[in-house]
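Go by the hints and put chain B onto chain A.
Number of protein chains: 2
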Amino acid sequence: MRKISVIGIGETKMGKLADRSLHDLIREAGNNAIADAGIDKKQIDALYMGNFNGSYLCGQGHMGSLAIEVLELGNIPAVRTEGACASGSLAFRMAVMSIMAGVYDIALVGGVEKMTHQSTPTVTTAIASAMDYDLEAMQGFTFPACFAMIAHRYFYEYRNVKREMGLCAYNAHQNALLNPDAQMQKDVPLEKILAADMIASPLSLYDCSLVTDGAAFVVLAASDVAESLESKHRAVELVGSGHAGDTLTLASKKVITSFSASKAAAAQAYGQAGLKAADIDFAEVHDCFTITQIINTEDLGFFDPGKGADAVAEGVTARDGKKPINVSGGLKAKGHPIGATGISQIFEVVTQIRGNAGNRQLKKADIGLAHNLGGSAGTCVINIFRGR
Amino acid sequence: MRKISVIGIGETKMGKLADRSLHDLIREAGNNAIADAGIDKKQIDALYMGNFNGSYLCGQGHMGSLAIEVLELGNIPAVRTEGACASGSLAFRMAVMSIMAGVYDIALVGGVEKMTHQSTPTVTTAIASAMDYDLEAMQGFTFPACFAMIAHRYFYEYRNVKREMGLCAYNAHQNALLNPDAQMQKDVPLEKILAADMIASPLSLYDCSLVTDGAAFVVLAASDVAESLESKHRAVELVGSGHAGDTLTLASKKVITSFSASKAAAAQAYGQAGLKAADIDFAEVHDCFTITQIINTEDLGFFDPGKGADAVAEGVTARDGKKPINVSGGLKAKGHPIGATGISQIFEVVTQIRGNAGNRQLKKADIGLAHNLGGSAGTCVINIFRGR
Chain A
1 MRKISVIGIG ETKMGKLADR SLHDLIREAG NNAIADAGID KKQIDALYMG
51 NFNGSYLCGQ GHMGSLAIEV LELGNIPAVR TEGACASGSL AFRMAVMSIM
101 AGVYDIALVG GVEKMTHQST PTVTTAIASA MDYDLEAMQG FTFPACFAMI
151 AHRYFYEYRN VKREMGLCAY NAHQNALLNP DAQMQKDVPL EKILAADMIA
201 SPLSLYDCSL VTDGAAFVVL AASDVAESLE SKHRAVELVG SGHAGDTLTL
251 ASKKVITSFS ASKAAAAQAY GQAGLKAADI DFAEVHDCFT ITQIINTEDL
301 GFFDPGKGAD AVAEGVTARD GKKPINVSGG LKAKGHPIGA TGISQIFEVV
351 TQIRGNAGNR QLKKADIGLA HNLGGSAGTC VINIFRGR
Chain B
1 MRKISVIGIG ETKMGKLADR SLHDLIREAG NNAIADAGID KKQIDALYMG
51 NFNGSYLCGQ GHMGSLAIEV LELGNIPAVR TEGACASGSL AFRMAVMSIM
101 AGVYDIALVG GVEKMTHQST PTVTTAIASA MDYDLEAMQG FTFPACFAMI
151 AHRYFYEYRN VKREMGLCAY NAHQNALLNP DAQMQKDVPL EKILAADMIA
201 SPLSLYDCSL VTDGAAFVVL AASDVAESLE SKHRAVELVG SGHAGDTLTL
251 ASKKVITSFS ASKAAAAQAY GQAGLKAADI DFAEVHDCFT ITQIINTEDL
301 GFFDPGKGAD AVAEGVTARD GKKPINVSGG LKAKGHPIGA TGISQIFEVV
351 TQIRGNAGNR QLKKADIGLA HNLGGSAGTC VINIFRGR
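Protein sequence lines, in the order shown, are assigned to chains A and B. Using our numbering, the letters of the first sequence map in sequence onto residues 1 to 388. Using our numbering, the letters of the second sequence map in sequence onto residues 1 to 388.
Keep in mind that the hints were calculated from the coordinates and are not lab data. Just to be clear, a hint being listed does not mean it is correct.
Repeated chains share a single entry, so a pair holds when one copy, or any two copies, can fit it.
What the hints assert, rightly or not - Straight line, CA to CA, 20 Å or less: simulated DMTMM-like cross-link-like pairs of lysine to aspartate or glutamate:
| no. | residue 1 | residue 2 |
| --- | --- | --- |
| 1 | 253 | 72 |
| 2 | 42 | 105 |
| 3 | 263 | 279 |
With the rest of the complex left out, here is chain A (with noise of 0.2 Å):
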């Protein structure tokens, strides 16, 4: 298999971004990444772009197109993946595929999102289209209907972790004070936390991740290519990628404790890059929910099932601890503009490995792991990246 290094990352500052297009966020954070990488815009060969709903939210879909228009990239070819909140990952994957079939050397990959423009009911029916409508969406059921249910069924296997949710979200919080991307820099008690007003029992409103505009872009190069560019910062490899899929509707699941679109992937990607949970320094995972958050480390193999929540408690999954989880701040604090959050996330990756995190770099950050999830799980896609 070809081996393939990120060599250019960019993204936008993560939030509320009124005045601010679609185009603003591509040519912010799509120029950023190119400009990291050190390249010419005629070096790159073909452009991947996650978006997951821009077709309701902003009546703008073909993402692939745009992006070339505005980035100014002449003829190369351009596609949007869509699979739910895990569809930057997705452009991600696609991407790593077609490098090591050999189709591309360089390729850029960028997600984008725009939802705050919108209200509420809107922003819910836009996202509830990542669920099955006929079956789940025309019945009233929402997201965080569905993981509150996914949370008491969790409770009922295990124990109630509503506090250790709470610790997800302050940990979330404390990480994006010291990540300026993060739309969130709040500094939230761990008490306003478990008091806040509920949203669906058991997941009241620090345990939903949030609504957010935002873009980011990373440039991937076959690592033969990479090494014949000139590059400033310490070189980062894929060592691992894992994709798999499963049912759309939470019905249809047997387990919901656990997610086997999560588990599948992580043994591919796993075994692709030869390592155990154990040697992975620190993670990026798909919080959407706090219980999410809980229930990725343990299929990520980081704790045994049902023990996701007493890592949070002891202190294991902050940043300061021996598997820190979400440094960036997460999709709960540095927040959910869902086509770009898989991209974010490698974003994240890439900046602790190559040293350059600032305030909230990690000691020791040499193979970090990116874990995004589409749906109740009916899309994950996993990567592993290395420093060399």
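Just chain B now, with coordinates in the frame of chain A:
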């Protein structure tokens, strides 16, 4: 490069299918393609789903996971691709690269769209998401208006080809009479076509493709794997594949009587296949409007610039001509279920090469080409197939 073959095909009847859900369409076409391939579902490594705008038209995104559930495909990886009207062939292209990379051996590729349940204004808005929302759609621009401007410019550069555009529609309807999957099986006289109501001058009713519900699937396999499978059909190999992009807005293009994305994708496909335009026996080309068909046949090198209409007038592109175009009935008469269109084109090419096209079977159908365009040619995918 690892060679790839199409080992299974399936599609629904195209049309106004009011009583059929997205689930139904996917189930029928997907299972037909799998049965046609004669494989077990467990042999399928990955799923690629083309869909243009289910999010807006049906409240349904995350079509990869939906299809996993409907087709009972377990934990295989799935992704939805979108590039306006080229969404289906983008799924095909991603599948091809993943098999070339050696990541997968057998991939299921589908496309689906459900449109006819919505009102004309809603469908128009949904389709307009394939252009630039801020710079075009919000200014009142629509696709009929867009291709009307292209037609006017073509008339200015070359000559008035209104009659030949009508002949394209006439041929499409004649061909569709012989295609049981076609949406419009009507014998429409040329006089009626030419006298029809104007939609956007010079495009009248029959110059415009249809609004269609439908799904189409193909099964791809590495040729080395395909050879180990039993098949009742003639082997059909993908011998050339091309994909190129261009800017999104019409105003940004220096030339609009020829599409640079088509030319770039064609050069790739011909180069890979080691074939010239003259070697192609027949083609399905993207006739979203009749003028587009004429331009495409020039960009593909079948005819000189400005001479595509002459070829239509001389009968060259008719079913019994030297270069039959859109023998399926095309987007004009078979229908244009947007996300499924690119796959349905491939369905027809494979059906012809196999010699299974019944009353519309071409005498010489060894090498066929499928050309799929997105938006005002911001995306183009071209694939060339050859029987063995």
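Here is what the structure says about each hint:
no.	hint	in the structure
1	253 - 72	between (44 Å within a copy, 12 Å between copies)
2	42 - 105	within (12 Å within a copy, 32 Å between copies)
3	263 - 279	within (17 Å within a copy, 48 Å between copies)
Every hint, counting from the list given before, is met by this structure.
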